[in-house]
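Chains as they are written, first to last, in full-length UniProt numbering: chain A, 1 to 91; chain B, 1 to 478.
No lab work stands behind these hints: they were computed from the structure. Values in this document were obtained by computation on a predicted structure and should not be read as measured data. A portion of the hints provided could be inaccurate.
[Said to hold, decoys possible] Chain B regions said to be covered by chain A (calculated; three or more residues, Cβ under 8 Å):
hint: 1; region: 26-33
hint: 2; region: 245-255
hint: 3; region: 264-274
hint: 4; region: 347-355
[To be verified] With beta-carbon atoms standing in for the labels, derived distance ranges:
hint: 5; chain 1: B; residue 1: I430; chain 2: A; residue 2: R71; range: 23 to 29 Å
hint: 6; chain 1: B; residue 1: I430; chain 2: A; residue 2: P84; range: 16 to 22 Å
hint: 7; chain 1: B; residue 1: M1; chain 2: A; residue 2: R71; range: 37 to 43 Å
hint: 8; chain 1: A; residue 1: A23; chain 2: B; residue 2: M1; range: 27 to 33 Å
hint: 9; chain 1: B; residue 1: D387; chain 2: A; residue 2: E88; range: 53 to 59 Å
hint: 10; chain 1: B; residue 1: D108; chain 2: A; residue 2: A62; range: 18 to 24 Å
hint: 11; chain 1: A; residue 1: R60; chain 2: B; residue 2: N114; range: 35 to 41 Å
hint: 12; chain 1: B; residue 1: R90; chain 2: A; residue 2: A62; range: 45 to 51 Å
hint: 13; chain 1: A; residue 1: P84; chain 2: B; residue 2: H221; range: 16 to 22 Å
hint: 14; chain 1: B; residue 1: E120; chain 2: A; residue 2: V33; range: 18 to 24 Å
hint: 15; chain 1: B; residue 1: L410; chain 2: A; residue 2: T14; range: 49 to 55 Å
hint: 16; chain 1: B; residue 1: L393; chain 2: A; residue 2: E88; range: 50 to 56 Å
hint: 17; chain 1: B; residue 1: D155; chain 2: A; residue 2: V30; range: 30 to 36 Å
[To be verified] Only part of the chain A face toward chain B is listed, based on derived beta-carbon distances under 10 Å:
hint: 18; residue: R19
hint: 19; residue: E24
hint: 20; residue: P32
hint: 21; residue: V33
hint: 22; residue: W49
hint: 23; residue: S58
hint: 24; residue: S59
hint: 25; residue: R60
hint: 26; residue: M69
hint: 27; residue: R71
hint: 28; residue: I86
Cβ coordinates follow ideal geometry from the N, Cα and C atoms, glycine included.
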Amino acid sequence: MTTPHGETEQPAPTTVCPRCAAAEFGELAVSPVPGAWRVLRCDRCLYSWRTTEPARRSSRAAYPERFRMSRADIDEAPRLPPVPDIREDTR
Amino acid sequence: MSYDDLRSYLAALDRQGQLLHVTERVDPEPDLGAAANAANRLGERAPALYFDNVTGFESARIAVNAHGSWANHAIAFDLPPETPTRDQVREFIRRWENFPVPVERRQDPPWAENTLDGAEVNLFDVLPLFRLNDGDGGFYLDKAAVVSRDPEDPDNLDRQNVGTYRMEVKGTNRLGLQPVPMHDIALHLDAAERRGEDLPVAVALGNDPVISVVAGTPLGHEQSEYEMAGALRGAPAPVSRAPRTGLDVPWGSEVVLEGVIEARERELEGPFGEFTGHYSGGRNMPVLRVDRISHRTDPIFESLYLGMPWTEVDYLIGPATCVPLYQQLRADFPEVRAVNAMYTHGLLAVVSTGRRYGGFARAVGLRAMTTPHGLGYCKTVIVVDEDVDPFDLPQVMWALSTKVNPACDLVNLPNMSVLELDPGSQPPGITNKLVIDATTPVAPDERGHYGQPVTDLPETAAWIDRLTTLLAERGGDR
């Protein structure tokens with residue numbers, strides 16, 4: 001894979017979530033053609049990625065700063081839409 | 001001729017040279033998203049793209065950019081591909097007048113060929129999912145029709161809603177769904193959650209082209225999208241009953257998911273590169289649990305690239321945004337001549353209108369903001385005279401440059417509602433809104449010096465015909 005700037009992007013082995021750096025992630029899917037790729041999902045921020053994606057999406061080191069999520073970003077994410085109150089007559 | 005499914009529409013695009021079948025092997029990322037993005041940059045005759053050789057998949061069939069040019073939008077409505085944009089909008093308005101057209105109920109939908117139920121459900125087994133933009137939180141379903149009913153009135157089919165909402169695939173049977181507060185599904189979900197109940201939904205993927213248009217059209221709360229599809233197609237929309245939920249879904253879909261939006265559940269979703277040309281933030285959003293998948297054998301997965309306009313979504317919902325605003329304004333103000341709300345789903349709209357008296361034009365602009373769609377959009381409304389074509393942007397720029405005096409012609413309204421995805425809103429969902437009155441003042445508004453306009457000469461129309469003929473004859477000589 002070659003970027004528009006000419007440098008080569010090589011997916012690195014995954015050890016942490018590219019987006020939030022959590023060490024806990026699981027396997028969501030494997031390629032129908034055996035061995036081609038896996039899809040992983042972070043247990044904490046729910047980011048999912050294919051192991052063959054460019055490093056800018058699949059490697060913590062190359063993941064862009066502007067897309068990273070901190071613990072605070074995750075904990076303080078707004079709830080939309082707000083959960084309404086239960087109606088009195090259904091309680 | 002109307003299309004009953006995505007396949008017949010893709011075949012029509014192919015016959016008219018508007019479908020490019022990419023046969024060489026591509027990677028799911030970044031190739032599919034980048035190719036769809038690139039198609040959007042090819043101009044008004046950009047084709048749909050079809051891929052069936054994707055690394056790691058055995059039988060992926062993927063269509064993108066099906067609506068992504070004026071030529072394709074015309075073919076979707078069975079018009080000649082060279083039909084000018086404003087004529088496509090006019091035809092949309094003309095067909096709208098036939099609403100409602102009752103649906104045609106059909107048995108044996110092709111999506112009933114294969115079923116996965118309960119523990120068998122795995123979205124990755126059926127859909128060749130892929131990421132569109134770098135900052136997306138995952139793989140998305142972004143061109144599906146989501147069907148729900150009002151829990152307070154479940155037998156009222158006029159309140160059955162068919163809408164397009166982005167959905168992030170977060171598990172083998174789990175989707176995150178974004179219900180914009182101004183849209184009907186948010187009302188249905190709110191009613192269900194107040195009762196403490198899950199909201200049953202069906203998700204139809206890979207549909208005929210008019211279903212995709214009406215699912216993105218801001219209809220009234222009690223206007224049926226299927227009955228509007230019938231009007232726009234010129235033939236009743238074929239629908240079938242989804243077996244688990246009993247909801248009406250398109251007969252011709254490629255894949256139908258059924259399940260529930262889990263009551264009172266929110267989970268991290270996003271970000272996603274949106275139609276605003278900006279990413280939404282990561283928010284805790286409702287969760288849709290898929291309990292059943294029905295699908296054609298070898299289904300085609302349809303996806304839509306969106307990002308910095310124009311992309312496919314702008315063609316898909318451009319005319320579909322203009323026409324309901326036009327109809328709703330005309331209901332109160334028959335002087336309204338045309339509405340161009342094709343910019344970012346109508347975050348900006350241009351309205352041309354006749355004027356009864358001074359101050360009338362800005363009232364029309366304010367009314368646009370209080371239509372159902374305007375509550376979440378119409379952040380800026382430019383009002384122009386009836387002889388200015390809102391689809392002719394040089395004419396609109398002329399009106400802005402000569403008819404506007406900022407001292408009096410800007411109506412700035414504080415703290416109005418807008419969809420939360422508007423990146424300029426602060427806090428999200430709240431914004432000032434602006435009417436720009438670019439009409440010529442009329443009595444008793446006597447401002448400016450507009451008494452001597454330069455108009456086309458009386459003989460000009462005849463000369464246009466004469467010159468056109470001469471040019472055609474010259475072309476014939478060469």
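Verification of the hints:
Here the region 26-33 of chain B counts 4 residues with a CB under 8 Å from a CB of chain A, which clears the bar of 3, and the coverage holds. Counting residues of the region 245-255 of chain B whose beta carbon lies closer than 8 Å to any beta carbon of chain A gives 0, which falls below the threshold of three, so the coverage claim is violated. Counting residues of the region 264-274 of chain B whose CB falls under 8 Å from any CB of chain A gives 6; the rule of at least 3 is met. Under a criterion of three residues with beta carbons nearer than 8 Å to beta carbons of chain A, the stated coverage of the region 347-355 of chain B fails, only 0 such residues being counted.
For B:I430 and A:R71, the Cβ-Cβ distance of about 28 Å falls inside the hinted range of 23 to 29 Å, so the restraint holds. Checked against the hint of 16 to 22 Å, the C-beta distance between B:I430 and A:P84 comes to roughly 20 Å, which is consistent with it. Hint check: B:M1 to A:R71, Cβ distance near 56 Å, so the stated range 37 to 43 Å is violated. For A:A23 paired with B:M1, a C-beta distance near 57 Å fails the hint of 27 to 33 Å.
Look at B:D387 against A:E88: about 57 Å separates their beta carbons, and that is inside 53 to 59 Å. At about 50 Å, the beta-carbon gap between B:D108 and A:A62 misses the expected band of 18 to 24 Å. The given range of 35 to 41 Å is respected by A:R60 and B:N114, whose C-beta atoms sit roughly 39 Å from each other. Between B:R90 and A:A62 the beta carbons are some 50 Å apart, a value that agrees with the proposed interval 45 to 51 Å.
A hinted range of 16 to 22 Å for the beta carbons of A:P84 and B:H221 is consistent with their spacing of about 18 Å. Restraint check, B:E120 to A:V33: a C-beta distance of roughly 21 Å satisfies the suggested window 18 to 24 Å. The supplied range of 49 to 55 Å is met by B:L410 and A:T14, whose beta-carbon atoms lie about 53 Å from each other. Between B:L393 and A:E88, the C-beta spacing of about 54 Å keeps the proposed range 50 to 56 Å intact.
A hinted range of 30 to 36 Å for the beta carbons of B:D155 and A:V30 is inconsistent with their spacing of about 44 Å. For A:R19, the shortest C-beta to C-beta distance to chain B is roughly 8 Å, which falls under 10 Å, so the interface hint holds. Restraint check, A:E24 versus chain B: the minimum CB separation of about 14 Å is more than 10 Å; hint violated. The interface hint given for A:P32 holds, since its Cβ lies 4 Å from the closest Cβ of chain B, which is under the 10 Å cut-off.
Because the smallest distance between the Cβ of A:V33 and any Cβ of chain B comes to about 5 Å, under 10 Å, the interface hint for this residue holds. Interface restraint check for A:W49: the shortest CB-CB distance to chain B comes to about 8 Å, inside 10 Å, so the restraint holds. Given hint, A:S58 at the interface with chain B, holds; its Cβ is 9 Å from that chain's nearest Cβ, closer than 10 Å. Of the supplied interface hints, the one on A:S59 is violated, with its beta-carbon coming no nearer than about 13 Å to a beta-carbon of chain B, more than 10 Å.
Among the interface hints, the one on A:R60 is violated; its C-beta lies about 15 Å from the nearest C-beta in chain B, farther than the 10 Å criterion. A cut of 10 Å between beta carbons decides the hint on A:M69: the least distance to chain B is about 6 Å, and the hint holds. Here the hint on A:R71 is broken, as its CB sits about 12 Å from the closest CB of chain B, past 10 Å. Because the smallest distance between the Cβ of A:I86 and any Cβ of chain B comes to about 5 Å, under 10 Å, the interface hint for this residue holds.
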